[in-house]
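Engineer: Sequence:
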Amino acid sequence: MSEPASISAGIAARYATAIFEIAEESKSLDSLETSINDLADALASSPELSELITSPVVSRAEQGAAIIAVADKMGIEPTVRNTLALMAEKRRLFVLPALIEALRARLAEARGEVTAEVISAKALTKTQSEKLAKTLAERVGKKVTINASVDAGIIGGLVVKVGSKMVDSSIRSKLNSLQNAMKEVG
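Be aware that the sequence shown starts at 1, since it is given in full-length UniProt numbering, and climbs by one per residue.
The set of hints was computed from the structure by calculation and includes no laboratory data. It should be emphasised that the depicted structure is a prediction, and the values quoted were computed from it without experimental measurement. Idealized CB from N, CA, C, for every residue including glycine. Any given hint could turn out to be false.
Claimed, not checked - Per label pair, the in silico range of CB-to-CB distance:
| # | residue 1 | residue 2 | range |
| --- | --- | --- | --- |
| 1 | 26 | 112 | 14 to 22 Å |
| 2 | 105 | 178 | 14 to 22 Å |
| 3 | 54 | 14 | 15 to 23 Å |
| 4 | 17 | 165 | 32 to 40 Å |
| 5 | 27 | 181 | 55 to 63 Å |
| 6 | 134 | 25 | 32 to 40 Å |
| 7 | 149 | 27 | 28 to 36 Å |
| 8 | 149 | 69 | 31 to 39 Å |
| 9 | 46 | 105 | 19 to 27 Å |
| 10 | 131 | 175 | 20 to 28 Å |
As the list claims (entries may be wrong) - Calculated lysine-lysine pairs in the PhoX-like style (CA-CA distance at most 25 Å, straight line):
| # | residue 1 | residue 2 |
| --- | --- | --- |
| 11 | 122 | 174 |
| 12 | 142 | 126 |
| 13 | 161 | 131 |
| 14 | 134 | 165 |
| 15 | 27 | 143 |
| 16 | 143 | 126 |
| 17 | 161 | 143 |
| 18 | 126 | 73 |
| 19 | 122 | 134 |
| 20 | 143 | 174 |
| 21 | 143 | 131 |
| 22 | 174 | 161 |
| 23 | 161 | 122 |
| 24 | 134 | 90 |
| 25 | 165 | 126 |
Work the whole structure out from these sequences, hints included.
Structural biologist: Structure representation (structure tokens):
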């Protein structure tokens, strides 16, 4: 992780902890999840919103007013809305994507779920994804959500990351291992 990314992750983790604890205490985890999903969708679909949270040209006051207007229009949960206002005041809105990810991780952990990052050479079918999730759930003892992506460069097989564990059964890694073994021999 690069230094700016780790700084963003650290800032986001502190905000996420505070928001999560408040939502947990007030038993509003469902509305928190809805709010962060709506916010993530808005960030993904609106280049203007992404520009707003990262632009150094926009003043703190303008950022704050804009993000509050967006939050109010979207019906964002009050704790998240107030945190966004505070983040704008402190010039921390740039960590919003990391905050969303940190909150999603905390919510999944609270539900006893874990996310598996899966990279395949071609898109997994729904059946393959469900079977993989079931197999991983048996291994880790928690409900597994698959976050699949495609990388044709792995040629075939899968690369699966669950937490700090990674299984690389891709043909690319096997070819690299074979190539290294051949270098050692000759």
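Engineer: Measure nothing beyond the straight line between the CA atoms of residue 143 and residue 126; if it is 25 Å or shorter, mark the hint as holding.
Structural biologist: The hint holds at about 17 Å.
Engineer: Please verify whether residue 161 and residue 143 have alpha carbons no more than 25 Å apart.
Structural biologist: Holds - the C-alpha atoms of residue 143 and residue 161 are around 15 Å apart, at most 25 Å.
Engineer: Could you grab the alpha-carbon distance between residue 174 and residue 161 and see if it respects the 25 Å cut-off?
Structural biologist: 17 Å, holds
Engineer: Quick one, are residue 143 and residue 174 close enough, alpha carbons at most 25 Å?
Structural biologist: Answer violated: residue 143 to residue 174 is near 29 Å, above 25 Å.
Engineer: Taking 15 to 23 Å as the hint, is the beta-carbon distance of residue 54 and residue 14 inside that range?
Structural biologist: 19 Å, holds
Engineer: Given the hinted pair residue 122 and residue 174, is their Cα-Cα distance within 25 Å?
Structural biologist: 18 Å, holds
Engineer: Holds or violated: are the alpha carbons of residue 143 and residue 131 at most 25 Å from each other?
Structural biologist: 12 Å, holds
Engineer: Should the hint that residue 149 and residue 27 are 28 to 36 Å apart at their CB atoms be regarded as holding?
Structural biologist: 35 Å, holds
Engineer: Evaluate the given range 14 to 22 Å for the C-beta pair formed by residue 105 and residue 178.
Structural biologist: Given about 36 Å between the Cβ atoms, the range is violated.
Engineer: Cβ-Cβ distance between residue 134 and residue 25: within 32 to 40 Å?
Structural biologist: 34 Å, holds
Engineer: Can the suggested window of 20 to 28 Å be confirmed for the beta-carbon pair residue 131 and residue 175?
Structural biologist: 26 Å, holds
Engineer: Mind checking the alpha carbons of residue 126 and residue 73 for me, to see if they're no more than 25 Å apart?
Structural biologist: 35 Å, violated
Violated hints for the displayed structure, listed by number in ascending order: 2, 4, 18, 20 and 24.
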